[in-house]
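S.K.: Using the sequences and the accompanying hints, generate a full structural model.
Quick note, the sequences are listed as chains A and B, same order. Taking UniProt numbering, the leading residue of the first sequence gets 1, the next gets one more, and so forth. Taking UniProt numbering, the leading residue of the second sequence gets 1, the next gets one more, and so forth.
Keep in mind the hints are simulated off the structure, nothing from the lab. Fair warning: there could be bad hints in the mix.
Derived BS3-like pairs (lysine-lysine); straight-line CA-CA distance at most 27 Å [as the list claims (entries may be wrong)]: (1) Lys27/A to Lys284/A; (2) Lys284/B to Lys196/B; (3) Lys196/B to Lys273/A; (4) Lys216/A to Lys237/A; (5) Lys273/B to Lys45/B; (6) Lys216/A to Lys45/A; (7) Lys273/A to Lys237/A; (8) Lys27/B to Lys45/B; (9) Lys216/A to Lys273/B; (10) Lys45/A to Lys27/A; (11) Lys216/B to Lys216/A; (12) Lys237/A to Lys284/B.
2 protein chains.
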Amino acid sequence: MAMLIAHLGPTGTYAEQAALAYLNRLKYEEQITLCPYPSIAQTLKAVARGKADVAVVPVENSIEGSVTITLDTLWQLDQLQIQLALVLPITHALLSHAPSLEAINTVYSHPQALAQCQGWLEQFLPTVELIPANSTTEALQHLEQESSAGAISSLRAARIYNLPILARAINDYPDNCTRFWVVGQRSVSRQMSAVKYTHTSVAFSLPANTPGALVKPLQIFAERSINLSRIESRPTKRSLGEYLFFLDLEADANSPLVQSAIAELSTFTEILKLFGSYNVVEVKSDS
Amino acid sequence: MAMLIAHLGPTGTYAEQAALAYLNRLKYEEQITLCPYPSIAQTLKAVARGKADVAVVPVENSIEGSVTITLDTLWQLDQLQIQLALVLPITHALLSHAPSLEAINTVYSHPQALAQCQGWLEQFLPTVELIPANSTTEALQHLEQESSAGAISSLRAARIYNLPILARAINDYPDNCTRFWVVGQRSVSRQMSAVKYTHTSVAFSLPANTPGALVKPLQIFAERSINLSRIESRPTKRSLGEYLFFLDLEADANSPLVQSAIAELSTFTEILKLFGSYNVVEVKSDS
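M.R.: This is the structure we're talking about:
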């Protein structure tokens, strides 16, 4: 049976790079097809509705932080489970048909990419207009018609769409990388697996906002020497000042230590969701 | 002397509404001028460089969460202090020259506004193309040329630019509001003031990521029954997995209780920044 991998498209995005890196790791005999979707929410919903087997979605960038739509959609869609995390190095380039930087008056890209290059843009293109796009690839569609336009995208996208590179490695911080999650439908067999995983992700809401309400959940893990590699708050969307908390634990949910922590945690939370255990692999940028 | 209030422009944005609400609260004898800036970072930098007296910047929306550029810029610019928080109700409308919803094929707006109306858009305009803009007002510039385009903006913007309203109150959650901070230069006189404030904002980095590293800072406040109304993590931008933490305390930094908490907190943090104490006022939407 063919396997379908959903990702944010169109072809040439960093999400597609991550999906390809995942595909290359699979020892799968049958056909594997990448399915680009126009938004991250639709990518995850495709898996929830059984239209794709897994989704490869960005969750966090080292410079710009959380990709909040991924967290919010995962909270809403109950039946999903994280299977793997991929860390992809990000190197942005400025693509354009213009002969030189001086000829550029507009730069298109995804808001995260524009933000990751803001120092470079202020230094080398201080007067250009910055225009957001839905993805780094969608930004490229302006280049054919506008010879004074540039787009921030990857070297891989430059190769795919045969576009000239005006400047390379323009991200402000060289250590720029994005973490992706490979998300599939919850499966009992995977939960019972004997494989050991290094990370577990959970999220919860708290019944009341009292002094120290968040201390107790964090103490539960600290007392067991379980390190939290990340804590992120998101609005419940009910009213300003009410939050959900997303935690990444450096431990396997199948270990007795984590199971006792989760059992204790559930006595303090209003809603508690387990997004599964997984390993983290660093993949190479295809550039 | 004229007073200058910086905000994200152009005229018609929600940030301008918040700036006007702030202006109306001032009992100021001299001229007050609003100065629109093309980005939130430039709005805050104008105050840091003495080009404006205060900046009115969005910090958090009840649906979409933190405005991360505000937090990141405040961390970078040392000399700024929060003077007041304003909570503005947000009611989005769809503006367009099209005769009906059926005639719309493209919707422009700021990504936060598009996200806040995604349910309505999926229900009533499932096939339209969603195109991000730098602000809800910038989105309006497409309406003159494209009769099949819509823009999500405020009723106030519809009035200012004399644009037809195709649909009102299209935000998915009726309880949609945005919190703004009024930020000025740090002043000694204000720190010594006898006025009591209800909220204090701080941010810090931690020297090492060990189990329970964040528990101790939170315990310091819990032990003193100081409620945290918000905790937000942001990347340090040094490497994936290293964070800054932004806390809002429901207490005045001048109280002995908070002063002892801050003194103890500083023994656990790497860098600790105090953004000042302030009150929170709810303002009315000008629509």
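S.K.: Now tell me if each hint is right for this structure.
M.R.: A quick look at each hint next to the structure:
| no. | hint | in the structure |
| --- | --- | --- |
| 1 | Lys27/A to Lys284/A | holds, 18 Å |
| 2 | Lys284/B to Lys196/B | holds, 24 Å |
| 3 | Lys196/B to Lys273/A | violated, 40 Å |
| 4 | Lys216/A to Lys237/A | holds, 23 Å |
| 5 | Lys273/B to Lys45/B | holds, 18 Å |
| 6 | Lys216/A to Lys45/A | violated, 33 Å |
| 7 | Lys273/A to Lys237/A | holds, 17 Å |
| 8 | Lys27/B to Lys45/B | holds, 25 Å |
| 9 | Lys216/A to Lys273/B | holds, 25 Å |
| 10 | Lys45/A to Lys27/A | holds, 25 Å |
| 11 | Lys216/B to Lys216/A | holds, 11 Å |
| 12 | Lys237/A to Lys284/B | holds, 20 Å |
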